[in-house]
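**Q** Just so you know, the protein sequences line up as chains P and G, in that order.
Once you know that position 293 of the first sequence is 292 in numbering that gives the first Met the number 0, the rest is easy, because the numbers rise by one and skip nothing.
Once you know that position 19 of the second sequence is 18 in numbering that gives the first Met the number 0, the rest is easy, because the numbers rise by one and skip nothing.
Hints were generated in silico from the structure; no laboratory data involved.
Computed from a predicted structure; not experimentally measured.
Honestly, I wouldn't trust all of these hints.
[Unchecked claim] Cross-link-like lysine-lysine pairs, in silico, PhoX-like; alpha carbons within 25 Å at most:
1. K881/P <-> K908/P
2. K821/P <-> K881/P
3. K88/G <-> K10/P
4. K126/G <-> K111/P
5. K44/G <-> K512/P
6. K229/P <-> K564/P
7. K43/G <-> K926/P
8. K114/G <-> K46/P
9. K140/G <-> K926/P
10. K926/P <-> K878/P
11. K43/G <-> K512/P
12. K581/P <-> K881/P
13. K10/P <-> K114/G
14. K111/P <-> K134/P
15. K532/P <-> K223/P
16. K44/G <-> K10/P
[Stated by the list, open to error] If we take Cβ atoms under 8 Å as the criterion, some of the chain G residues that face chain P in the derived model are:
17. D17
18. D37
19. Q80
Each residue gets a CB set at the ideal place from its N, CA and C atoms; glycine is no exception.
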Amino acid sequence: MAIHSVYTLSKDDAEARNWLAFFRRHGYTDLLNLIIERVYWLEGVVKVDALLPLLANPLYQVTSPHTQLDLNQGPVVEIAYRPAVTDPETPSILAGARALGENGLEFTRLSKRYQFIGLEEQVARKIAARFLYNKIVERVREPHETVTTLHPTGKPDPVMSVALALLRDDQLVKLSRDRSWYAPLEQMRAIQSLEKMRARVLTDAEIEILVQSWSDHCYHTTWKSLGLLKRLTSATERIQHPLVVSVFKDNAGGIEFYDGWVVTIKGETHNFPSSIAPFGGVATKHGGVIRDTLGFGKGAHPIGGTTIMGTMDPRLAEEAVPEGALHPQLILTESIRATSYYCNPMGIPMMHPIYRCHPGYAKCLALGHSVGLIPKKYALKDAPRSGDVALLIGGETGRDGIHGATVSSTGMTGETLERESAAVQIGHPITERRFTSAIPVLRDADCIRAITDLGAGGISCAAGEMGSETGVLLNLDAIPLKDQSLTAWEILLSESQERMLLAVPPKKLDEAKEILNRYEVGHCVLGNFTNSKRLEATWRGRRVVDLEMAFLWGACPIEPLDAEKPKRQLNPLNIPEPRTEKDWGSAIRRVLAHYHCCDQSAAGSRFDTTVQGRTAVGPYGGRNHLMPTNIAVSAPLYGRPYGVITTVAMNPLYGEIDPAPMARLMIIEAITKAVVAGADYREMALCDNFYTPRVRPDVAWDLRQMVDAIAKLSVELGVPFISGKDSSSGTFVAGERRIDVPLTLAVASIGRVPDVKKIVTKEFKRAGNKLVLVGFSNSTALGGSVYADSFGQRGDLLYEPGPKNSIVRVWKALHRLNAAGKYASGSAIAEGGLALRLFEASFGSGLGARVELGKGAQGPRDAQMFGEYVGAVMLEISKEAKLKRLFGTLPYRLVGEVIPEARLVFTEKGKVVWQDSTESLAAAWSKTFREVVE
Amino acid sequence: MKNAVTAILYAPGTNCHDETAAAMARAGGKSEVVLTRDLLDGRKKLGDYQAAIVPGGFCYGDHLGAGRILGTLMVAQLREQLEGFLAAKKPLLGICNGFQVLAEAGILPSRTPGKRSMALLENQSAKFEDRKIRLAVSPEKSLWTDGIEGEVLAMPTAHGEGRPLFCETTSAPATRVAFRFADEAGKPATKYPDNPNGATASIAGITDETGMVLGLMPHPERAALPAHYSQDGLKIFINLVRWLLQS
Chain P
0 MAIHSVYTLS
10 KDDAEARNWL
20 AFFRRHGYTD
30 LLNLIIERVY
40 WLEGVVKVDA
50 LLPLLANPLY
60 QVTSPHTQLD
70 LNQGPVVEIA
80 YRPAVTDPET
90 PSILAGARAL
100 GENGLEFTRL
110 SKRYQFIGLE
120 EQVARKIAAR
130 FLYNKIVERV
140 REPHETVTTL
150 HPTGKPDPVM
160 SVALALLRDD
170 QLVKLSRDRS
180 WYAPLEQMRA
190 IQSLEKMRAR
200 VLTDAEIEIL
210 VQSWSDHCYH
220 TTWKSLGLLK
230 RLTSATERIQ
240 HPLVVSVFKD
250 NAGGIEFYDG
260 WVVTIKGETH
270 NFPSSIAPFG
280 GVATKHGGVI
290 RDTLGFGKGA
300 HPIGGTTIMG
310 TMDPRLAEEA
320 VPEGALHPQL
330 ILTESIRATS
340 YYCNPMGIPM
350 MHPIYRCHPG
360 YAKCLALGHS
370 VGLIPKKYAL
380 KDAPRSGDVA
390 LLIGGETGRD
400 GIHGATVSST
410 GMTGETLERE
420 SAAVQIGHPI
430 TERRFTSAIP
440 VLRDADCIRA
450 ITDLGAGGIS
460 CAAGEMGSET
470 GVLLNLDAIP
480 LKDQSLTAWE
490 ILLSESQERM
500 LLAVPPKKLD
510 EAKEILNRYE
520 VGHCVLGNFT
530 NSKRLEATWR
540 GRRVVDLEMA
550 FLWGACPIEP
560 LDAEKPKRQL
570 NPLNIPEPRT
580 EKDWGSAIRR
590 VLAHYHCCDQ
600 SAAGSRFDTT
610 VQGRTAVGPY
620 GGRNHLMPTN
630 IAVSAPLYGR
640 PYGVITTVAM
650 NPLYGEIDPA
660 PMARLMIIEA
670 ITKAVVAGAD
680 YREMALCDNF
690 YTPRVRPDVA
700 WDLRQMVDAI
710 AKLSVELGVP
720 FISGKDSSSG
730 TFVAGERRID
740 VPLTLAVASI
750 GRVPDVKKIV
760 TKEFKRAGNK
770 LVLVGFSNST
780 ALGGSVYADS
790 FGQRGDLLYE
800 PGPKNSIVRV
810 WKALHRLNAA
820 GKYASGSAIA
830 EGGLALRLFE
840 ASFGSGLGAR
850 VELGKGAQGP
860 RDAQMFGEYV
870 GAVMLEISKE
880 AKLKRLFGTL
890 PYRLVGEVIP
900 EARLVFTEKG
910 KVVWQDSTES
920 LAAAWSKTFR
930 EVVE
Chain G
0 MKNAVTAILY
10 APGTNCHDET
20 AAAMARAGGK
30 SEVVLTRDLL
40 DGRKKLGDYQ
50 AAIVPGGFCY
60 GDHLGAGRIL
70 GTLMVAQLRE
80 QLEGFLAAKK
90 PLLGICNGFQ
100 VLAEAGILPS
110 RTPGKRSMAL
120 LENQSAKFED
130 RKIRLAVSPE
140 KSLWTDGIEG
150 EVLAMPTAHG
160 EGRPLFCETT
170 SAPATRVAFR
180 FADEAGKPAT
190 KYPDNPNGAT
200 ASIAGITDET
210 GMVLGLMPHP
220 ERAALPAHYS
230 QDGLKIFINL
240 VRWLLQS
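Given the sequences, and given the hints that come with them, work out the whole structure.
**A** Now the structure itself:
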């Protein structure tokens, strides 16, 4: 069939300008210009002219049947999808062509030609390989290639039988690695015993399903072995919180909202793929955690999300980057591009964009949350029944993400980047957005008995879990493929994004299909739920999988893990107390310019924060809409005053000193941030995300301490954990070097407030008002602080937030005072201490503050200013107010007052020791992050 | 007309239809979310509605260009309905991606479905820009800005392609600027980020010659409810509802 091509150039190509600047920033200063030519390949009997209105806008795009690039100007690298893969745009173009009456168009492909003016060919190809395409699904189109057809081509491998019975242990281990199963010997032995038991050699499909259902990622073997999951769930059960609706078991956790609604939260890390392919990894991080919301109960609607990235210092010198790791600056900038690429089209407001760095994040932290909304009557799934239809909806199944579960469960070495890039998925938000709109319609029409997302492990995990009680029979030939060369096990394991699995009552199938067609969502009948208690699959007329559910979910050997108290090398802090005006000036600037405290809006402003029209308080506020609020408040029910408030606490520095106290501080920080804004801690719940090194006795010991600590504290406070996730693969090995991530726990809080208009934000409100520090504060608060880190020190002592009941007393008092409107502004003390709050409140208001050092405080002055008194808050109260009457026996002290001009003034015994304008401080504060990402 | 119903068009990738319906309800108007698939397949008719809004989003993933696919489908399959709608002088509003769709369809500014006379190019920053901006309402008369001429409105903007490019050779009557990005003083914003996308002459919204068709990049529906930081956007919806009542 004839193949036509249309080459288009833009007269005004901001993308090309952007890449040019990006590459020059990355050291390719010989690059003088970059031109991008887009090519459409059209197969069939078509009048190309008739299609031009679809392919180009003549106002700014020029088309030609031949390339418009002058090939003498510089090397051209043409990137296209692999022959077996379909372009995401193909269906759109075919639909457009049909609408234009060009039914003769059979198939179409795109390619992009990048011309690098000023570079050598091989340099151009190197750049392209690193930045411009993913070799799993894309390739470089060589000049003068002859194409006979555009249709996806490729032949699948046949299903193989893999005999294990005669293999020795060392051979089992080798096989496990060679096949990228990463299954420990005990699991290989268990599978070997199945073959012997069944007297039948297993198929590759069956073994693939077993090893990846048993991977740490899917089965949480590390946590199960240490009894940690049980520890957390039983703590939540003990609390018996009246608002809790759904805990841990489902794809997310949910608490009662108002008017018969439930709000949900879930956090997911996607560290491995984000480390080797940040763009694809981070995009699918969001896609995955959003599907957890869609897969909650009978289908919740996502109303907010977060992105939390932990990398090595993006300012790291090229040569300091570990062998085989990507440069942290690249991971950071690509992650921002990916979050913008995925979350904006999804139409989900960004609640918390947070970026942190630590030398241990060679394998980066890529965490995202999703917050959802669902009617209470649909908040709990029904069990699929024998005869229910297994309906697969969303995108087609491709080669992307194969072995994601097993690979992400192992450590990362320099060679992982090369060896396992197949485990990276590619995200297409438009596909997920389609069923995000359709699912509530299906749900409200009672077409959904149960629903779950396809994530790690793909179809085999989703169907295997959903059918674990009944059994399920899958017909793999029914599945639409975007890659014709997929064989059975690849179809079963593919982690192609944007797919959901539904259990649909047979009599509802037609209605479900009609809804899906009207919302233009792809779907296929994947099979049926049975009563066989087996996972069965057929492919090309052959039964390729036949596993007992009991074995699949019950036979995974859990090895006991040793735990041994680690020895930490800690040194006490040794930082000279600031004395002179100069000392103070540099101290303040160190803290404001610190990566963890600085202005990160260069990333945040690329994410939609107001879509859905639910945003009451977004990540940025104040009069200039650039002041970090540290809270997000959504009003999910249009026209109603009710609010959902969320906060996040994550600190990679504290864990180095003592993980268990760090874990407690994260809980207190997350709750206090919400409480000072007006939430009642008795109407809040928590979500935990752990990121820890590959398990060793010392790591196991710390993990257990952390989980014990948060389980115990959540019971004491009566604030339950309702969802969470653990990743125990935070180790990067480069040659001799082993780099462990810092013991990381991110705690997100979700709560409800009766009236979003009662929320108090942190910017100053009126000159003359008093500033009061309320809560426990002591001089040990510099250990693990940003201030100490700015001197390259960590310290040996973590802040002790005081007795649990004094913290609760502060929370109760804050709630009372907020209800009575007794404070005009307030902020919770955390990273950067009092100093950062003073600056932000001034920056967001155009007012300033005069603060008296030492007054009524103990300990050195720098601790007073920069100490991270987690659990304490700074409040702004009217100058007439009587402190004693307001705070009674609570720990509190007057620290200063709000002044009319936008500056910070520190005094001692009434004498000015340091002052500076907020504007000049803002210059230091807003520089750090911007310099790295722009 | 008392029972006028406004169609809020939903295509795959549209993601601002619910809040647009909420803003219409707050303004006291009736609206219905209508799937473009139902229009394309003939299950519904555009003519059954007294006004229409194309809301924000990324319809069809903005493949081949923001608003390109939906604009093409509408022109190819709904041309008569569109022309009938325009001829009947019914109000038509395109917000953000909806503005891009109306531009790609040739409806803004020249009311010539199938013949483009403007484009909305990628932001000068080549980035998606999420900002809280000021919007100066021009003195040009239109049903949308009736009574708020000269005011400066506060509302969010969030888009990656909002830089207008007009066809010099267009024979259609001159475009009418309805809104301009404004600086702190309320004057047309020349600098980033007050002018978030680098729009020439700070243009943030335009109408056709009749003033019946409005397209704007910022999001009035996100500044329309008590929970929002501003309710200035509601004025535009109230004007639409008032006009529908009076006509």
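**Q** Each hint needs a verdict: does it hold in this structure or not?
**A** Do the hints match the structure? See the list:
no. : hint              : result
1   : K881/P <-> K908/P : holds, 22 Å
2   : K821/P <-> K881/P : holds, 11 Å
3   : K88/G <-> K10/P   : violated, 35 Å
4   : K126/G <-> K111/P : holds, 20 Å
5   : K44/G <-> K512/P  : holds, 23 Å
6   : K229/P <-> K564/P : holds, 22 Å
7   : K43/G <-> K926/P  : violated, 54 Å
8   : K114/G <-> K46/P  : holds, 19 Å
9   : K140/G <-> K926/P : violated, 44 Å
10  : K926/P <-> K878/P : violated, 35 Å
11  : K43/G <-> K512/P  : holds, 19 Å
12  : K581/P <-> K881/P : violated, 36 Å
13  : K10/P <-> K114/G  : holds, 19 Å
14  : K111/P <-> K134/P : holds, 15 Å
15  : K532/P <-> K223/P : holds, 24 Å
16  : K44/G <-> K10/P   : violated, 38 Å
17  : D17               : holds, 7 Å
18  : D37               : holds, 7 Å
19  : Q80               : violated, 14 Å
The structure does not agree with the numbered hints 3, 7, 9, 10, 12, 16, 19 stated previously, though it agrees with the rest.
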